[in-house]
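*Asks:* Next come the chains, spelled out residue by residue.
There are 2 protein chains.
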Amino acid sequence: MTEVNLQDIGERARAASRELARAEPARINEALGLIADALVQRGRAIGEANTKDVDRARESGLGDHIVDRLLLDEGRLTGVADGVRAVAGLTSPVGQAIESRVLPNGMRLARRRVPLGVIGVIYESRPNVTADISALCLKSGNAVILRGGKESIETNKALAGVIRDCLKDSGLPKDAVQLIESTDRSVVDGMLQMRDYIDLLIPRGGAELVMRVAKEATMPAITGGIGVCHTYVDSAADLDMATSITRNAKVQRPSVCNALDTVLVHSAVARAFLPQMAASMAAEGVQLRCDSRSLSIIGENGSDLISRAEPEDFGQEFLALVASVKVVDSLDEALAHIATYGSGHSEAIVTGDYAAATRFTDEVDAAAVFVNVSTRLNDGGVFGLGAEVAISTNKMHARGPMGLTELTSYKWVGLGSGQIRES
Amino acid sequence: MTEVNLQDIGERARAASRELARAEPARINEALGLIADALVQRGRAIGEANTKDVDRARESGLGDHIVDRLLLDEGRLTGVADGVRAVAGLTSPVGQAIESRVLPNGMRLARRRVPLGVIGVIYESRPNVTADISALCLKSGNAVILRGGKESIETNKALAGVIRDCLKDSGLPKDAVQLIESTDRSVVDGMLQMRDYIDLLIPRGGAELVMRVAKEATMPAITGGIGVCHTYVDSAADLDMATSITRNAKVQRPSVCNALDTVLVHSAVARAFLPQMAASMAAEGVQLRCDSRSLSIIGENGSDLISRAEPEDFGQEFLALVASVKVVDSLDEALAHIATYGSGHSEAIVTGDYAAATRFTDEVDAAAVFVNVSTRLNDGGVFGLGAEVAISTNKMHARGPMGLTELTSYKWVGLGSGQIRES
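Protein sequence lines, in the order shown, are assigned to chains A and B. Its first residue numbered 196, the first sequence is counted upward by one per residue in this note's numbering. Its first residue numbered 196, the second sequence is counted upward by one per residue in this note's numbering.
These are computed hints drawn from the structure, not numbers from a lab. Watch out, some of these pointers could steer you wrong.
Which copy is meant is left open, so a pair is good if it fits within one copy or across any two.
Straight-line C-alpha distance at most 20 Å; calculated SDA-like pairs for lysine to any residue [stated by the list, open to error]: (1) K410 - G385; (2) K410 - R390; (3) K410 - I421; (4) K352 - A276; (5) K410 - D384; (6) K345 - G400; (7) K369 - E225; (8) K369 - A276; (9) K363 - D527; (10) K410 - V383; (11) K345 - E206; (12) K352 - R503; (13) K345 - L257; (14) K352 - D250; (15) K247 - G258; (16) K345 - A240; (17) K363 - I615.
So that you can see chain A by itself, here it is in the shape it has in the complex (with noise of 0.2 Å):
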């Protein structure tokens, strides 16, 4: 265990984030340039570092699972090199004007956006997340403190080596990425206290991590990434529509965050709708836990997939091919059900009457809101934010996809000739 100086790192934190804050935008992305080439030929000292992890974990008895994770061959780190270039591709936010006008008394004045400072970052076992993180903070012109998980340490000082070298190259503090080699658990503990040098702090992992973060942590820090998220299928659904959309929600990616969990669907449609929906989700795999009105309509068929829901399917985030399903006699109930159970991130309606997809991204308070599409298009690549960094569940900052200005402040700037206050 070694013995980290917290306090000093947060200080050199600071102190690059000042340094990158006046740094030419040019020469942030020529450091980027360098990060990505670097990647791909320092791969082989990366990848004997990625096997220490590697052979360690298979050693620890971690699960394929874990292990597939952990792993950084020659494709994925040029697959990771390839997304340095693409933030490095992107517009700058920083020195953008929110807006802009002449006052009455004929100041000039601008909002102008500005990097947050620091950015504090902890995340688990996938090393990839050290570099795109770090390359998303320096565009934006923030220094950041890296916290990864112990099963990647290895390689994590490896990327964070080859990224520093390369900021020294630059011109740049290569403070600005500093990785905290302590995989003691007492640096979490630590981080979530240093108010003073840490302007965001940044949870990149389980929802048992993503909890004691927002519960703890000292500075303001960002909720996401747990998403119960429900598709109600109104009785004015197309019920081809409806099927398509429960599919896809629950099965193009069921271990993420805006993957389908419950579908609620009205008892005026559930007849017609609820076999075709259980045959289209049989034939991907998906278990189906039904309440008891959706089990006598679908039936248990002899299907091991089907089966009656418990209390806790209802709120629970799955991230596995497994869904609930529960009948509501109204758009009201559904609502009802969608406040009680939802954790406000990604919740969708599909229905052709108007008044009903207007109460629902009305009255439904999530970070996205939809009417007739899968919820698995909550993404930040999808909604054309270039990048992302996150999904924000927060009411405050940002909500939802979280891009590169979602990693900015802003300070007002007043240029003037001489205006005082008379009032």
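With the hints as your guide, set chain B onto chain A.
*Replies:* Here is chain B on its own, set in the frame of chain A:
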């Protein structure tokens, strides 16, 4: 002491906020109009309640300054009513689309402004805050939980009663405005823990309250209202302009957060500028606390107003006719002083030099940075925001003057026709 059920208050506020979010803007405006009328019509009852507070304050020996802040006579009440009417006349940000476009897949995507939900406000003696902040919260579709100072409890109860009656008469939930009637200090502790019920906490009061909320609140909170404000008189300054600006920044309203605290002056113009400024400040009764170099130029003149600065005179918010003065040898030294001693609120340079103005606005990290104007201009009214909720020194969410828009969040609304995610 009343036993207060904060959970019950929180649940009522949450329910009211849901109802308010669905209310037509015209209904909210109608309620604000009724409130403004009732504040005047029921002025006698409010005045009687206020008299109790004022009498109690006098009896307990509170200073004239505090007693004056408590006083809500007919003239002031008319002003408060006018303020409520002015808020009713503003454009509500709720429902506005921040951006709106059609994605390549045909989904129509908009970011739509929505109320934050429930605002908590902890404030001190001035009872007008009860009406002002209620109007701002209602107009932006938010419910509010108010905790005023114990000195103004009778007045606050009378005002909240009037407001709640008018909400009811307009068909809006009266629990959209709730005043916590207990003045027990434990109520503040309790409010700081209400993260499940309060979406944003706003402290309106002195530095002690603001710092306590910043440290202990479990929900997002506005940090603001603390301004250690510098004006740097550069070597290329127009010295008459610098004299006018520093005088205005100090004396036009010395008790507020954007008033000047420290004058930094470049050594090249110190001999020409300081005597002129000192005479201008002396005419207004301003005490100057001078570092040794500025003291040697200004001299003590036998004047009681000029004294040697102590270390604690730098980085202090005076809120009175007092300023500290320091000679620096370069823009860099001024920038370093501001980085060390400023509170990130309002900072100004007086200069005719393009490069100095650019560096100052780029490098000073504050909510508002100014060239050739008085720091007193950092104000929601001056900036054209229509109303000012607070001046934030946070970097997240809102920075600088906060208007109605800063009491909102947004949701992403996606309207489609069967779009699903392909990759």
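*Asks:* Using 20 Å as the alpha-carbon threshold, which applies to K345 and G400: within, between, both, or neither?
*Replies:* The answer is within: 13 Å in one copy meets 20 Å, while 45 Å across copies does not.
*Asks:* Could you figure out if K345 and L257 sit no more than 20 Å apart (CA to CA) within one copy, between two copies, both or neither?
*Replies:* within (13 Å within a copy, 59 Å between copies)
*Asks:* Measure nothing new, just compare the shortest in-copy and cross-copy C-alpha distances for K247 and G258 to 20 Å and report within, between, both or neither.
*Replies:* Within one copy, since 16 Å is at most 20 Å while 71 Å is not.
*Asks:* How would you label the pair K345, A240 (within, between, both, or neither) given a Cα cut-off of 20 Å?
*Replies:* within (19 Å within a copy, 66 Å between copies)
*Asks:* Treating 20 Å as the Cα threshold, decide for K369 and E225: within, between, both or neither.
*Replies:* For K369 and E225, only the intra-copy Cα distance (14 Å) is at most 20 Å; the inter-copy one is 58 Å.
*Asks:* Please sort K410 with R390 into within, between, both or neither, judging by C-alpha distance up to 20 Å.
*Replies:* So K410 and R390 pass the 20 Å test inside a copy (14 Å) and across (9 Å) alike.
*Asks:* Within a copy, between copies, both or neither: which one fits K363 and D527 at a CA-CA cutoff of 20 Å?
*Replies:* Neither, since 59 Å and 24 Å both go past 20 Å.
*Asks:* Should K410 paired with V383 be assigned to within, between, both, or neither, using CA atoms and 20 Å as the limit?
*Replies:* This pair counts as both: shortest intra-copy Cα distance 13 Å, inter-copy 19 Å.
*Asks:* At most 20 Å between CA atoms: does that hold for K410 and D384 within a copy, between copies, both, or neither?
*Replies:* Both ways: K410 and D384 sit 12 Å apart in one copy and 16 Å across, limit 20 Å.
*Asks:* Please sort K345 with E206 into within, between, both or neither, judging by C-alpha distance up to 20 Å.
*Replies:* Answer is neither; intra-copy 24 Å and inter-copy 42 Å both fail.
*Asks:* Tell me, please, which holds for K363 and I615 at an alpha-carbon limit of 20 Å: within, between, both or neither?
*Replies:* Neither: 45 Å inside a chain and 44 Å across chains, both beyond 20 Å.
*Asks:* At 20 Å max between alpha carbons, let me know whether K410 reaches G385 within a copy, between copies, both or neither.
*Replies:* both (14 Å within a copy, 16 Å between copies)
Figure legend: structure checked against the earlier numbered hints; hints not met, in rising order: 9, 11, 12 and 17.
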